[in-house]
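Asker: This is what each chain is made of:
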Amino acid sequence: MATILAVDDSASMRQMVAFTLKSAGHQVTEACDGQDALKKAKGNKFSLVLSDVNMPIMDGIALIKELRAMGDYKFTPILMLTTESTGEKKQEGKAAGATGWIVKPFNPDQLLATIKKVLG
Amino acid sequence: MSIDISQFLVTFYEESFEGLEIMESELLNLDVGAADNETINTIFRAAHSIKGGSGTFGLNAVSDFTHVMETLLDEMRDGRRQVTQEGVNILLSSVDVLREMLTALRDSAELNVQRVAATKQQLDTLLGGDAVSSEEKPQAEQAPVESSFQLWAIDFRPHLDMLRTGNDPVRMFRELSDLGELNATVDVSGLPAWDELEPEESYLNWKLALDSDKDEADIREVFEWVDDECDLNIHQAAGLFVEAQHEEAAPVQPLATPPIQDKTDTVAAVGTNAGSAKEPARKPTASGDTSIRVSIDKVDELINMVGELVITQSMLSQYGEAEKIDTAGIERLRDGLGQLERNTRELQESVMRIRMLPISFAFQRFPRLVHDLSSKLEKNIQLKMSGEQTELDKTVMEKIGDPLVHLVRNSLDHGIEKPDVRREKGKPEQGTVHLNAFHQGGNIVIEIIDDGAGLNKDKIIEKAVGRGLLVEGEAVSDEQVHDLIFHAGFSTADTVSDVSGRGVGMDVVRKNIRSLGGTVEVTSKVDIGSTFTIRLPLTLAILDGQLVKVGTETYIVPLISIIESLQVKMDKVNTVSGKGEVYRLRDEYIPVVRLYHVFDVEPDGRELTTGLLVVVEAEGEKVALFVDDLFGQQQVVIKSLETNFKKVGGVSGATILGDGTVALILDVKGLMGLYQKQTPARDLYLVKSSDAAA
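Heads up: the protein sequence lines correspond to chains A and B, in order.
Position 52 (the first sequence) corresponds to 52 in the numbering used here; numbering is contiguous.
Position 393 (the second sequence) corresponds to 393 in the numbering used here; numbering is contiguous.
Mixed in with the good hints, there may be bad ones.
Stated by the list, open to error - Keeping only pairs whose Cα atoms sit at most 30 Å apart, straight-line, the calculated DSBU-like set for lysine-lysine is:
| id | chain 1 | residue 1 | chain 2 | residue 2 |
| --- | --- | --- | --- | --- |
| 1 | B | Lys298 | A | Lys40 |
| 2 | A | Lys22 | B | Lys298 |
| 3 | A | Lys89 | B | Lys120 |
| 4 | A | Lys117 | B | Lys120 |
| 5 | B | Lys207 | A | Lys117 |
| 6 | B | Lys207 | A | Lys74 |
Because the hints were derived from the structure by calculation, they are not lab data.
Only chain A is shown next, with the shape it has when bound in the complex:
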């Protein structure tokens, strides 16, 4: 069971993601934007980060860059939660160091399947 940091500015998405992961037995920490996530990532070593891209204060791309610059998160899987319409965002996220993405909208089963892929 993994410790997961879930980042999204939308409370309903965050709740849905956290609930899904928790019901699969994972430990979840929630953050509502990049800055919040960064604060929570420091001092913790999450085994997976799930982050929305479009967020106020600090967006997902900036968050990924910051995380990759931290020793603890150099190789940690980081998945973007993104929508299809932002195809170029995927490239931008990859360039920033994202491991991959989960396309919104997704349902709990899809989320868990992808998580399983990454965590094994």
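Got chain A; can you put chain B on it based on the hints?
Answerer: Then chain B, alone, in the frame of chain A:
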């Protein structure tokens, strides 16, 4: 595993409505021609969140609609599209439509489907008509896949930096082995000399053989995330039959996602007409789901308070456990009780504060309203708001919305003059409507101040005389004149306009405000402007009450409705032909209601002179309540009778007094209704006019 995510819908609706408010206010902030990128981005983000959420929750109609809006906003953000007034207006009406859609879904109510379609059409036209199709990739193109196993040869050469994105080749092998039988051969020829080796880089190349019934697209999907970080070559190994359709299989996996099943029934309500109109009035069915957002500070404060309460409690129980309590012990006990009282009061205050929201929630609709109306009325009006952070009870807030809208509309329509008229009067062409809120005593005061024409006293008097509300030549004060506009059916507008001025209104405004226990008044100066002042109690949960005694019972009369209390002089009491009594107070005849009679209790005395009359007013009418005695005044917490018992005429609720007894809170208006049933009001007026004539 099947997880029910519909439980998060409440949050989704809540944040979506907030998002819509943000979109609306930011759209109004947008300068056409020179749009600020950050503003567009904020609007985009709100639309984007709603789209993402609605897709997740299977509200496909909403997500399709927002998708088109988002595309438009994206083009504006990237500078590919000019921000035009037309665009902003279409986006604003899209916000309205979206709000309607979400409201209909939330309340399982009906939706004006034509309006949705029309607005979407407008958006599509603006976009050039091809926006919708981009996302809906035809799924049918996926050819039926042969289920025969075949051998795939995969040449996988990760780039040096692949590991830095958290992509481990092992993950991909694991996934591939889920597709079929996998054999991997590693090619170490890329490994540098030991002293040149960077542990964070990947030097190994792989040759993979996969025996699987899956097609190339499925295999490519495994490598989807590392598309740019590796060289990948997938082909069918020799010696097996080649199927033409696999040669050029689409490398992209269709991304369409099936909607979540739990919500399909609600989605249908948007897509179709949702059956016949059973209930034409839109009534939110989810009233049990109303929630409130509370800032974490308030919750912390509450927890803190409870902590102190626990300390006090344990302190007191410690004192109480002492075998015998001496004088010092009693002193300590008293101190402790004093502390308990303080804690309780503070706790009560903080709990009340949880229901309090800043009035900006009620104010936020006005920028849009003023924007829309001033162009409709061809006036130049700016809206000023201050004191938006002033807090008031959520229920009061919900109920004050409509009266406020009415008053603001009124100021825009009748108050502020057209630019040319203003110029002639020597005023700036731009008129101002100022919304101001502040706390005063236990009340919140909301002012609507305009610098318009002011109330025309002569016109009002003329009208009032025409309607028989005033006698010609009667001397009236300014306040009395201003008060006249709150009478039913009173409108001084020369023409009935589209916006307001139908003459229904001001009386309704006053009625609504009074039903909240508040007051509204107006002051005005010709050509300087008018100020409407609304005073409301901060909360509906607590009431300032006057305790009155009838026999052994105690009743509570809302202090706000009491005009005066007096001792009866029998020569001022008239009996109206066996139907009731009236008391002559100055020039008025006020019906007397004997409370012991209404509630059927045994009073201390039945003679009017043995008790007191409490003169109360509701909706402009007065009655005198006959009681045995007055007790003190105190704040009482209102407990609903309807939820705990049932509705009782003449009683608005109950409360628990300091000694633990229950006291009923009188509903003055209801009491009048009860009284009038037994004594038709007509008879009373007959007495009044005949008496006046005599």
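Asker: What hints, given by number in increasing order, does this structure fail?
Answerer: Violated hint: only 4; rest satisfied.
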